[in-house]
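With this note's numbering applied, the sequence shown has no gaps in its numbers, which climb one by one up to 386 at the end.
There's no promise every hint is true.
Unchecked claim - Here are the simulated distance ranges between beta carbons:
id : residue 1 : residue 2 : range
1  : Phe238    : Leu46     : 21 to 27 Å
2  : His171    : Thr295    : 37 to 43 Å
3  : Phe195    : Pro68     : 29 to 35 Å
4  : Asn241    : His171    : 22 to 28 Å
Quick caveat, the hints were computed from the structure, so don't treat them as lab data.
As the structure is a computational prediction, the values presented were derived from the model and not from experiment.
Even glycine gets a Cβ: it sits at the ideal position worked out from N, Cα and C.
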Amino acid sequence: MEKGFTRIFWQALCVGLLTGLVIVLFRLGIENMFEFVMVHFYAAPLLFLLITTLGGLAAGFVVYKFAPETSGSGIPYVKISLLKSGRLIRVRTIFVKFIAGVLGIGTGLSLGREGPSVQLGAGAGSFIGKIFKLDEHNRDKLIASGAGAAIGATFNAPIAGTLFVLEELIHRFTPSMLFPTLVATVVSASVARHFLGANPSFNTALPHITMEGSILPVCIVLGILAGVFGVLFSKTIFFFNNFYSRIKIPNYIKPALAGFLTGLAGLFLPYILSSGNGSVEMLFKGELPIVLVCTIFCAKFIITPLCFGSGAAGGIFLPMLMLGSFLGYITGFGANLLGAEVNLVAISSLGMAGFLASVSRTPLTAVVMVFEMTGGYECILPLMLT
1 MEKGFTRIFW QALCVGLLTG LVIVLFRLGI ENMFEFVMVH FYAAPLLFLL
51 ITTLGGLAAG FVVYKFAPET SGSGIPYVKI SLLKSGRLIR VRTIFVKFIA
101 GVLGIGTGLS LGREGPSVQL GAGAGSFIGK IFKLDEHNRD KLIASGAGAA
151 IGATFNAPIA GTLFVLEELI HRFTPSMLFP TLVATVVSAS VARHFLGANP
201 SFNTALPHIT MEGSILPVCI VLGILAGVFG VLFSKTIFFF NNFYSRIKIP
251 NYIKPALAGF LTGLAGLFLP YILSSGNGSV EMLFKGELPI VLVCTIFCAK
301 FIITPLCFGS GAAGGIFLPM LMLGSFLGYI TGFGANLLGA EVNLVAISSL
351 GMAGFLASVS RTPLTAVVMV FEMTGGYECI LPLMLT
């Protein structure tokens, strides 16, 4: 018993280390690519449109030529791998997902890296399981652990990463799955923290949420709005999925169409490009006027499903956090006009949890993730209300 416990510990440790390193490289690759595109091409509109279109085309070609299972966020593929116990995730899948994600998101597609990161982490777990020559059951543990470790590394939120596995991937509490997942998520979060700092998802610390002012009534209103807009967002995704399924062009060209339309919108609103980290950071710093905040929210609300429906290698996790933060800011701004005294940055953080929970239907993961990102014990009640 003790020998088996020690063995799974070291295996999970290896998964956490490998996943953490892969996620760090994935983020740096996307950010460096996006910075290069914005610095060298954004000032020339036609050239910028060409880059966003070719970026989508290259990402689509890599996916559909070498590993079609890497299209989209990758989370459904991980679920299938766990459902069909013992199904290995190919090393090719990891490389293609990495390259396609950097090419697409790095050139401006309005998608997030968190969904692809889950598939990368699951692939790392599968790879470690193959090295240790594990049976199907134990290999599944490492696949799930790697997926959770990816969330832990992305958001510096190991508990949320563990809950993500239980709530989203396997839909049940399994003690034998809990231990390796928790080990892997803690290790991967530590690796990301070492290379990227204390705030691996955002380059600015999220606010410490307190119960001051009239935040609780505003949280209730925000929760209702998050639910309504979450349903609308899901319907918009469904609409664009149908749109792309009806147009008669090769699958690898669809991300190019998304890249062109995103680039066109991005010429007027660069804030909607790529994952949206920078826009959230600007929001937290109070650098965006309310009219611009509303405009960005509406544009991102449409452009993200447009990109996601194309089948490009990217997710909607971080765009959902961005939309939630902007929705929270708008709600708080409106409440303050009516006489409330709400910290706009704090209510923006709560909006993240509300919108994410509404769309992904993972309320525990959403609440704990924002709790870990903000580090405020007082935020539990307002988080649950949203």
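Against the structure, the hints:
1. The hint said 21 to 27 Å for the Cβ distance between Phe238 and Leu46, and at roughly 33 Å that hint is violated.
2. At about 38 Å, the beta-carbon gap between His171 and Thr295 stays in the expected band of 37 to 43 Å.
3. The hinted range of 29 to 35 Å is satisfied by Phe195 and Pro68, whose Cβ atoms lie roughly 32 Å apart.
4. Taken as a hint, the range 22 to 28 Å holds for the pair Asn241 and His171, whose Cβ atoms sit roughly 23 Å apart.
In this structure, only the earlier hint numbered 1 is contradicted, and the remaining ones agree with it.
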